[in-house]
Amino acid sequence: MTSAPPASPPAAARPSAAPALRIGNIELSSPVVLAPMAGITNTAFRRLCREYGGGLYVTEMVTTRALVERNEKTMRIIHHEPYETPRSVQLYGVDPVTTGKAVRLLVEEDRADHIDLNFGCPVPKVTRKGGGSALPWKTDLFTAIVETAVREADRGGVPLTVKMRKGIDDDHLTFVDAARTAVRAGVSAMTLHGRTCAQLYSGTADWESIARMKEVVHSLVGDEIPVLGNGDIFAAEDALTMMERTGCDGVVIGRGCQGRPWLFGDLENALAGNPLRNQPDLGGVADAVRRHAVYLTEHYEDEFMGVRDLRKHIAWYFKGYPVGGDLRSRLAKVSSLEELDALLGELDRGQPYPGEAAEGARGRTTRPRRPHLPEGWLDSRTMDDSWYAELAEAELDVSGG
488 MTSAPPASPP AAARPSAAPA LRIGNIELSS PVVLAPMAGI TNTAFRRLCR EYGGGLYVTE
548 MVTTRALVER NEKTMRIIHH EPYETPRSVQ LYGVDPVTTG KAVRLLVEED RADHIDLNFG
608 CPVPKVTRKG GGSALPWKTD LFTAIVETAV READRGGVPL TVKMRKGIDD DHLTFVDAAR
668 TAVRAGVSAM TLHGRTCAQL YSGTADWESI ARMKEVVHSL VGDEIPVLGN GDIFAAEDAL
728 TMMERTGCDG VVIGRGCQGR PWLFGDLENA LAGNPLRNQP DLGGVADAVR RHAVYLTEHY
788 EDEFMGVRDL RKHIAWYFKG YPVGGDLRSR LAKVSSLEEL DALLGELDRG QPYPGEAAEG
848 ARGRTTRPRR PHLPEGWLDS RTMDDSWYAE LAEAELDVSG G
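In this text, residue positions in the sequence shown follow this note's numbering: the first is 488, and each later residue adds one.
Just so you know, these hints were derived from the structure itself, not from any lab.
Warning: the hint list may mix true and false statements.
[Stated by the list, open to error] List of simulated lysine-lysine pairs, DSSO-like, C-alpha gap at most 27 Å:
1. 612 - 560
2. 560 - 820
3. 806 - 612
4. 799 - 560
5. 820 - 799
6. 806 - 820
7. 588 - 612
8. 560 - 588
Input sequences plus hints: build the corresponding full structure.
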């Protein structure tokens, strides 16, 4: 584990201004949130992104059951270094009691300054048990989980937020009802991914649904509870457009920052009216890759483990840049920092930023599919006893949505 970050890489001077976003008692200089991504948003990646710009940097999602049971991997995921402030943790749970215990643990042991609940996971092995983005369909269960979590978080003055999708599919939308419930429960903010469970990560995010959620929340509490938008933000200008078009108060970035940690600096600049963007040449990308490898090595306290974890990021970092297939292949199999240095030394560092070729969608791309749900799940908006055993199986360690 590391105790302090090195000096930030060269970047535009950051404007001094009033907080751009307030979530409960947390004041952010930039209305930007890093979305939790399993296997991606560990301490090393959060550290790298922080060097480029401000915002809220959330841990990988953890299940409430694993946290309550103090699973070793889970406790490691929620660990924050001293320089990581505010400390943000995202939980995924399907049971009000277990969720309450997990939130209480974070609060009483002072392990988080902000807690987010994920109701957006579209992964079939979760939704087929009624969890993730299927859960808000059961209004009584959703209400019980959110109310319990807010109550426990309030005991320590920790703001609690929720993230959700539009619904199960276009015929079974839940986000408006869920937003109203979340407001009544006292959440400090909410995020909407403008896709349904059925869409997974396909097609285009529906930003109009984000505007609708903002209207609903504003009609109830004015601007007291911020609404954040998520989906299809791959450049700073996308964030500007989303906020202008929907009226949302901030943005949540997921796939768009994979292999592009400098996007957070671009977003901070853009949202503060600064036109300067970070468009690194190939040498700049190589330097970021090297720092990422070092941070991963320190995170795992093992060089091979750290460099091996870097492999999944290689294609994202070099997307659009003129790097030959053979070199890309060898970089994706790198096993040591010394080997990485030698391979990065083969790059033509002077190759300029390739523009649109380096931007756009990356990471998970999927086709829409019929949601996997428990039999009869859509017959009623409320729970019955037979569903609770199914839900217990849904609490798996998977990525959120």
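Results for each hint:
no.: 1; hint: 612 - 560; verdict: holds, 21 Å
no.: 2; hint: 560 - 820; verdict: holds, 25 Å
no.: 3; hint: 806 - 612; verdict: violated, 31 Å
no.: 4; hint: 799 - 560; verdict: holds, 20 Å
no.: 5; hint: 820 - 799; verdict: holds, 10 Å
no.: 6; hint: 806 - 820; verdict: holds, 17 Å
no.: 7; hint: 588 - 612; verdict: holds, 24 Å
no.: 8; hint: 560 - 588; verdict: holds, 18 Å
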